[in-house]
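Just so you know, the protein sequences line up as chains A and B, in that order.
When we follow my numbering, the leftmost residue of the first sequence carries the number 1, and every step to the right adds one.
When we follow my numbering, the leftmost residue of the second sequence carries the number 131, and every step to the right adds one.
Be careful, since some hints might not be right.
[Stated by the list, open to error] Derived Cβ-Cβ restraints for the label pairs, each shown as a range:
#	chain 1	residue 1	chain 2	residue 2	range
1	A	Ala70	B	Gly448	54 to 62 Å
2	A	Glu124	B	Gln563	22 to 30 Å
3	B	Pro358	A	His9	54 to 62 Å
4	A	Phe96	B	Asn133	39 to 47 Å
5	A	Glu124	B	Pro358	41 to 49 Å
6	A	His9	B	Ala367	35 to 43 Å
7	B	Gly421	A	Ile103	46 to 54 Å
8	A	Lys122	B	Asn133	32 to 40 Å
Simulated from the structure, these hints should not be mistaken for lab results.
Just so it is clear, CB atoms sit at the ideal spot from N, CA and C, and this is done for glycine as well.
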Amino acid sequence: MKISKRAQHDARQLFRSCQVNGLLDENRVRQAVTLVLAQKPRRYLEILSRLLRLVKLDLERRTARVESAAILPGDLQSDVANRIKKIYGDRVDIAFGQNPALIGGLRVKVGSDVYDGSVRAKLERLAESF
Amino acid sequence: MSNLLQEIEAQISGAKAATAKQNVGVVREIGDGVAKIEGLTDAMLNEMLDFGNGITGLALNLEETEVGAIILGDYTSIKEGDEVRTTGKLLQVPVGKGLLGRVVNALGQPLDGKGPIKSDIAYPVEKIAPGIIKRKSVSQPVQTGIMAIDAMIPIGRGQRELIIGDRSTGKTTIGIDTIINNARLNLAAQQAGDTNYRALYCIYVAIGQKQSNVARVIGVLEEAGAMPYTIVVVAAASDSATNQYLAPFAGAAMGEWFMDNGMDALIIYDDLSKHAVAYRQVSLVLKRPSGREAYPGDVFYLHSRLLERSARVAEKYGNGSVTALPIIETQAGDVSAYIPTNVISITDGQIYLETDLFYQGIRPAISVGLSVSRVGSAAQVKAMKQVAGRIKGDLAQFRELAAFAQFGSDLDAKTQAQLERGKRIVELFNQIQYNPLPVEVQVVVLWAGQNGFVDDVPVAKTKDFQLKLTDFMTTRKSELLARIVKDKELKDATVTDLKAAVTEFKQMYR
Numbered sequence: 001m002k003i004s005k006r007a008q009h010d011a012r013q014l015f016r017s018c019q020v021n022g023l024l025d026e027n028r029v030r031q032a033v034t035l036v037l038a039q040k041p042r043r044y045l046e047i048l049s050r051l052l053r054l055v056k057l058d059l060e061r062r063t064a065r066v067e068s069a070a071i072l073p074g075d076l077q078s079d080v081a082n083r084i085k086k087i088y089g090d091r092v093d094i095a096f097g098q099n100p101a102l103i104g105g106l107r108v109k110v111g112s113d114v115y116d117g118s119v120r121a122k123l124e125r126l127a128e129s130f
Numbered sequence: 131m132s133n134l135l136q137e138i139e140a141q142i143s144g145a146k147a148a149t150a151k152q153n154v155g156v157v158r159e160i161g162d163g164v165a166k167i168e169g170l171t172d173a174m175l176n177e178m179l180d181f182g183n184g185i186t187g188l189a190l191n192l193e194e195t196e197v198g199a200i201i202l203g204d205y206t207s208i209k210e211g212d213e214v215r216t217t218g219k220l221l222q223v224p225v226g227k228g229l230l231g232r233v234v235n236a237l238g239q240p241l242d243g244k245g246p247i248k249s250d251i252a253y254p255v256e257k258i259a260p261g262i263i264k265r266k267s268v269s270q271p272v273q274t275g276i277m278a279i280d281a282m283i284p285i286g287r288g289q290r291e292l293i294i295g296d297r298s299t300g301k302t303t304i305g306i307d308t309i310i311n312n313a314r315l316n317l318a319a320q321q322a323g324d325t326n327y328r329a330l331y332c333i334y335v336a337i338g339q340k341q342s343n344v345a346r347v348i349g350v351l352e353e354a355g356a357m358p359y360t361i362v363v364v365a366a367a368s369d370s371a372t373n374q375y376l377a378p379f380a381g382a383a384m385g386e387w388f389m390d391n392g393m394d395a396l397i398i399y400d401d402l403s404k405h406a407v408a409y410r411q412v413s414l415v416l417k418r419p420s421g422r423e424a425y426p427g428d429v430f431y432l433h434s435r436l437l438e439r440s441a442r443v444a445e446k447y448g449n450g451s452v453t454a455l456p457i458i459e460t461q462a463g464d465v466s467a468y469i470p471t472n473v474i475s476i477t478d479g480q481i482y483l484e485t486d487l488f489y490q491g492i493r494p495a496i497s498v499g500l501s502v503s504r505v506g507s508a509a510q511v512k513a514m515k516q517v518a519g520r521i522k523g524d525l526a527q528f529r530e531l532a533a534f535a536q537f538g539s540d541l542d543a544k545t546q547a548q549l550e551r552g553k554r555i556v557e558l559f560n561q562i563q564y565n566p567l568p569v570e571v572q573v574v575v576l577w578a579g580q581n582g583f584v585d586d587v588p589v590a591k592t593k594d595f596q597l598k599l600t601d602f603m604t605t606r607k608s609e610l611l612a613r614i615v616k617d618k619e620l621k622d623a624t625v626t627d628l629k630a631a632v633t634e635f636k637q638m639y640r
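The following block holds chain B by itself, in its conformation from the complex:
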């Protein structure tokens, strides 16, 4: 018994609260959301720093005698001489399904007034992208619901496809359409009890956008019923540059959780031009050396490490994916500027939107010649491949012929036929915003166009023909559409039925 008492006494004396060693520094300079701190000899790069009163910072510059840190939150209450502590933690954001349907800031804190985020897990904002062993090539499609994209520039799960164009050319709309379409597919699969369907969760990251624009996007998503499958990360134009710099990384961390748990996620970075500008501001205030257009030397690495985090991982590692749709805004169509060329070289293709096409009424204003998807065709649905295999080449040829035909009117019959069909195909690809089309409808419409069923319809009535054909197919031939969805290809019997159905429709069409 005496031994037992001694043991307990020894344990109690050993359990005396030990004073932990802390690493502290003193604020020497503060301004523009950046603090220079003397001391903090043990600070790590990207470590969170505690400024007291619930204010945190991020150590970005480790110098000989001081540390340069960006402040996350209100920096106006920090004074020269304040004590700062290291925390030993990297910056983390909450992740998980609890964030779906929510609007959060760059730190994962709610902005929508719907109460706290229900999440027990947090992921570091900066994370090394999956390595080559973990990765698998792209093989599953992302259905954008935009016919021009799904047919000619297909996107696969795990791909990084850049959306690039001038202001007001419909860049954000492509992202929003994709979110709406995937929410519809997710909901349909959920209602049908289809367990084989891999839901695609979407994350929309608004960087440096006007608050009114972000509110409009959220409104559109809510109206379309897409919010339950979507996370919106906002670092608006009025937020600090540091938050704008961190927002896409926070979005990537949220997407990675889905990937690590065997699910698929899609992230839209809207837009990376403003992200580069925010990073330039942070770097210049931190007195980092500037390079071309005053951007810091690591602006390429900034975007490459962000976009490299999009991947499709192999079955052995969870079979999840993160697809990225970064957006870049060009100035007067200049794709050869610094940031656009950087991001073009990082991504697996680009969708180039042209102002001229937009004002000609071609919407989405996709420039077929300059847009490309380097890996997406491997993921395209076979039925779509069958009908759209040659369409990109044909359309590019049509554009050339159309330009050439302006110089003279004497054209041979074949060229004229090509021009006439081209005009109708361009009309078929026109699509109103926030109205994505299911893939089976796209297949039927393109099949009809490719097989000459639209050739005798006046160009002005092509859209009307398409809408009525879609109505006819969805109401009277839904079994045929369901068969295309099920088979995922156009078998001979399906083609025969399709021919009969479209012929039947044409007899009725006025």
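Here chain A stands alone, though its shape is the one from the complex:
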């Protein structure tokens, strides 16, 4: 969907109004979406799809996705979570997942930062060095 500049601007304003102390308030977002759908202002669909994207990006920034070839044991999960919170603060949500394609090791993604210590990444680096 092509989103006009005006709709982008409105979505950005809406997104800012949903923040409390620099953090996105989920309740406010829900309320804002309900209100927009009820009032149906001009280009409301464009505004909402842009808002959806902004919220998605914000969530990605605040979510650490930890992938491993096999499910991590509980103590290792808490160790990894502590280390991530040390760097990105307590407000980061941590999601653990399994990805057998990694072969071994861990891959952590927070926003656009990636820490790839997986065997697959090491093999790829080795292949590139040839």
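Keeping the supplied structure of chain A fixed, place chain B upon it in accordance with the hints.
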């Protein structure tokens, strides 16, 4: 001993391969050689991006939630959802003497099938031009070998002289002649073991040209033996707009290496009109706001930052130089169009070529009235200054008189003499392409013209007179020519000998 073991163990444990942080993004949109990437929050402007499979991109637009990047190479294999990484590196091209004699693309990769480029050094494509402290005013000449230019519109090393004109008026030929002439001078100095001569290395950047034209230019350079001193950078019409946009910057980087290492380089940008068109295409696809004629607002800055990189640096900073000969193609002689006026205002003068003159048989078709060199006269050889000091004014006066004389035939003797001499001087300036003349020959021919030795030669035979005089001087009076080269000026004794030599030739001439 136990301490030593513990130390080694500690060092080994400390040396465990740390996982480096990478900044990644995801391709959201791809098309026309431009990708929109979500993420990449740490991307820098003009940073190289790694798309995987050896494909790189250049970050040009940093927006709130995404990055706009141009793809260097084949973009057809990139898909939506592909991962992109920042590299922390700016776009670089190989530089150095290993590139001489080679034909490369905008990324410095060979196109001539002569194997890999032998170069260990790379320079960033975008670089800030030398500042005012580093610079020095122009003082050494660039010998183009074209009499009309060397006499009336002299170019100095470090100058930016625009070559402007309609299609098929001989713009590229001026550049090629200059390359050939300088290759000859370089070779002569090398063979004579002249260590004081500062070789001028040439870089020819073809932007948006037809492949056949580029092949022809390379053929001419090879035939003239100029390739060993020349680098050819090609972003042909079939290359992507992004490569056409980058090619002149890559050429400038290659030239800067010579400057930084105390050498002289000459870059010919052929041509910047097509460069502006390529940049317009890239900008529009990146959805940057467009301005006049749909060019982006920074099209002036695009050319000014490119041409500002041409400079003559002071002895303290290496004493090197980069001279630029940008070429602009006008439409129906309109120099007041957007891109021509921009580049005219940036450069230190222009050589204006006119279609009318070209078809009248005046070649190079230089319009003396509209052509100017703002700084080059300081670099002109003194001998040339002595013979050509007044010639530009005289020729402009002749053109006016010639136009005025069309209205009536009753002219006084002085005016008629002026007209007759003017016709012969114009004939003397005619020169066939790819045949540059050495400066000493130019001095002798102009001296003969200025001192009335050609006045009694019929206009139709002026060229024949010039050719035979040149032959006579180079075969029988080579010592006199060598003296002009050595002294770099016409001393009284030289003038006397010159007079005797030309008089001797005239007695023999039929």
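Notebook entry, point to check: Taking the CB of A:Lys122 and the CB of B:Asn133, does the distance hold inside 32 to 40 Å?
Noted result: holds, 33 Å
Item checked: 35 to 43 Å as the expected CB spacing between B:Ala367 and A:His9, which holds or is violated -> 40 Å Cβ-Cβ, so the 35 to 43 Å window holds.
Item checked: C-beta pair A:Ala70, B:Gly448: status relative to the range 54 to 62 Å that was hinted -> holds, 60 Å
Notebook entry, point to check: Okay, A:Glu124 versus B:Pro358 on CB: inside 41 to 49 Å?
Noted result: holds, 42 Å
Check: So the hint says 39 to 47 Å: do the beta-carbon atoms of A:Phe96 and B:Asn133 match that?
Finding: holds, 42 Å
Note to self: If I claimed the Cβ atoms of A:Glu124 and B:Gln563 lie 22 to 30 Å apart, would that claim hold in this structure?
What the structure shows: This hint is violated: roughly 54 Å between Cβ atoms.
Next item on the list: Hint says 54 to 62 Å; check whether the CB-CB distance for B:Pro358 and A:His9 agrees.
Entry: At roughly 59 Å between Cβ atoms, A:His9 and B:Pro358 fall inside 54 to 62 Å, so the hint holds.
Notebook entry, point to check: Range hint 46 to 54 Å: satisfied by the CB atoms of B:Gly421 and A:Ile103?
Noted result: holds, 53 Å
Going down the numbered hints, you'll see the structure goes against just number 2.
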